[in-house]
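If you read the sequence shown in the working numbering, its first letter stands for residue 105, the second for the next number, and so on.
Read the hints as simulated data drawn from the structure, not as lab findings.
Among the hints, erroneous ones may be present.
As the list claims (entries may be wrong) - Cβ-Cβ distance ranges computed for the label pairs, FRET-style:
(1) 166 to 278: 26 to 32 Å
(2) 355 to 226: 17 to 23 Å
(3) 223 to 266: 30 to 36 Å
Just so you know, even glycine gets a beta-carbon here, dropped at the ideal spot from N, CA and C.
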Amino acid sequence: MARSRKVTVSTDAEGHTAGWAETDLAPATAPDSTAAAFFDVDNTMMQGASIYWFARGLASRNYLTTGDLARFAWQQLRFRLLAREHAGDMSLAKEAALAFVQGWRVHEVEHLAEEIFDEMMAPRIWAGTHRLAQRHLDSGQRVWLVSAAPVEIGRVIAARLGLTGAIGTVAEVVDGAYTGRLVGDLMHGPAKAEAVTQLAAVEGLDLTRCAAYSDSANDLPLLSAVGRAVAVNPDGSLLRQARRHGWEVRDFRTGRRAVKIAVPSTAAAGLVVGAVTAGLALQRRRRGG
Numbered sequence: 105m106a107r108s109r110k111v112t113v114s115t116d117a118e119g120h121t122a123g124w125a126e127t128d129l130a131p132a133t134a135p136d137s138t139a140a141a142f143f144d145v146d147n148t149m150m151q152g153a154s155i156y157w158f159a160r161g162l163a164s165r166n167y168l169t170t171g172d173l174a175r176f177a178w179q180q181l182r183f184r185l186l187a188r189e190h191a192g193d194m195s196l197a198k199e200a201a202l203a204f205v206q207g208w209r210v211h212e213v214e215h216l217a218e219e220i221f222d223e224m225m226a227p228r229i230w231a232g233t234h235r236l237a238q239r240h241l242d243s244g245q246r247v248w249l250v251s252a253a254p255v256e257i258g259r260v261i262a263a264r265l266g267l268t269g270a271i272g273t274v275a276e277v278v279d280g281a282y283t284g285r286l287v288g289d290l291m292h293g294p295a296k297a298e299a300v301t302q303l304a305a306v307e308g309l310d311l312t313r314c315a316a317y318s319d320s321a322n323d324l325p326l327l328s329a330v331g332r333a334v335a336v337n338p339d340g341s342l343l344r345q346a347r348r349h350g351w352e353v354r355d356f357r358t359g360r361r362a363v364k365i366a367v368p369s370t371a372a373a374g375l376v377v378g379a380v381t382a383g384l385a386l387q388r389r390r391r392g393g
């Protein structure tokens with residue numbers, strides 16, 4: 105198993121915080137050291153939301169009940185039909201994330217993420233998107249995932265796909281365990297662009313030579329921050345923006361309407377993590393913990 109470096113946390117002059125972790129699979133230096141590619145995960149690299157499949161994996165290990173997943177599935181459908189996100193949802197997502205990680209040890213989360221990736225996520229990786237990432241690697245560039253999921257889970261996915269590393273939400277860790285507090289905010293919307301800008305400064309990247317890939321209009325700040333933006337399996341709003349700006353569009357879905365499997369990651373994050381939290385609490389009560 106590939107192990108990560110200690111997660112790097114950086115804060116810029118405006119107080120924005122980002123975290124990233126590299127895998128041990130990528131070379132320390134790349135022939136094209138000033139260019140890189142950044143890939144959103146949910147519905148871009150993977151069919152559906154990574155945190156949803158993580159929850160499904162926990163359910164198969166009896167951390168969640170069937171009822172927990174059924175309630176999440178209904179809420180997931182509701183958000184998909186509404187096709188919008190509200191500020192309150194982000195607040196709920198952050199509060200749920202705090203409850204979810206508290207008391208968990210980092211190595212336990214990484215171990216579960218590895219198992220669940222192999223069982224449930226690997227078959228749902230878009231082969232076309234993975235090929236796009238591999239082209240960047242073959243040209244000597246680094247490739248990073250950018251996700252609202254905890255950075256440690258993102259690192260596991262990146263390692264399994266042979267990518268450089270991941271940028272993700274940072275949870276505070278003390279003595280190898282999550283405290284239940286976040287360092288900064290969820291990696292969503294403008295936060296992704298800010299994190300990529302910070303990483304570029306640290307790693308010596310020229311953002312005008314970098315590329316970004318996403319399915320969602322929520323990632324317009326990220327797509328606008330780089331020299332080459334690519335809409336992958338785009339939602340309607342992003343497709344309109346891509347046509348307006350002349351961005352490349354790649355769609356690896358099938359079917360006349362190319363319906364997505366899961367809701368956007370930020371809407372899913374609060375709902376899934378809330379379900380996970382409830383399931384973990386129930387499981388601990390059953391164990392008498």
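Against the structure, the hints:
1. 166 to 278: 26 to 32 Å: Given a distance of about 28 Å, which is inside 26 to 32 Å, the answer is holds.
2. 355 to 226: 17 to 23 Å: The hint (17 to 23 Å, Cβ to Cβ) holds, given that residue 355 and residue 226 are roughly 21 Å apart.
3. 223 to 266: 30 to 36 Å: violated, 19 Å
The structure fails to meet hint 3 from the earlier list, while all remaining hints are met.
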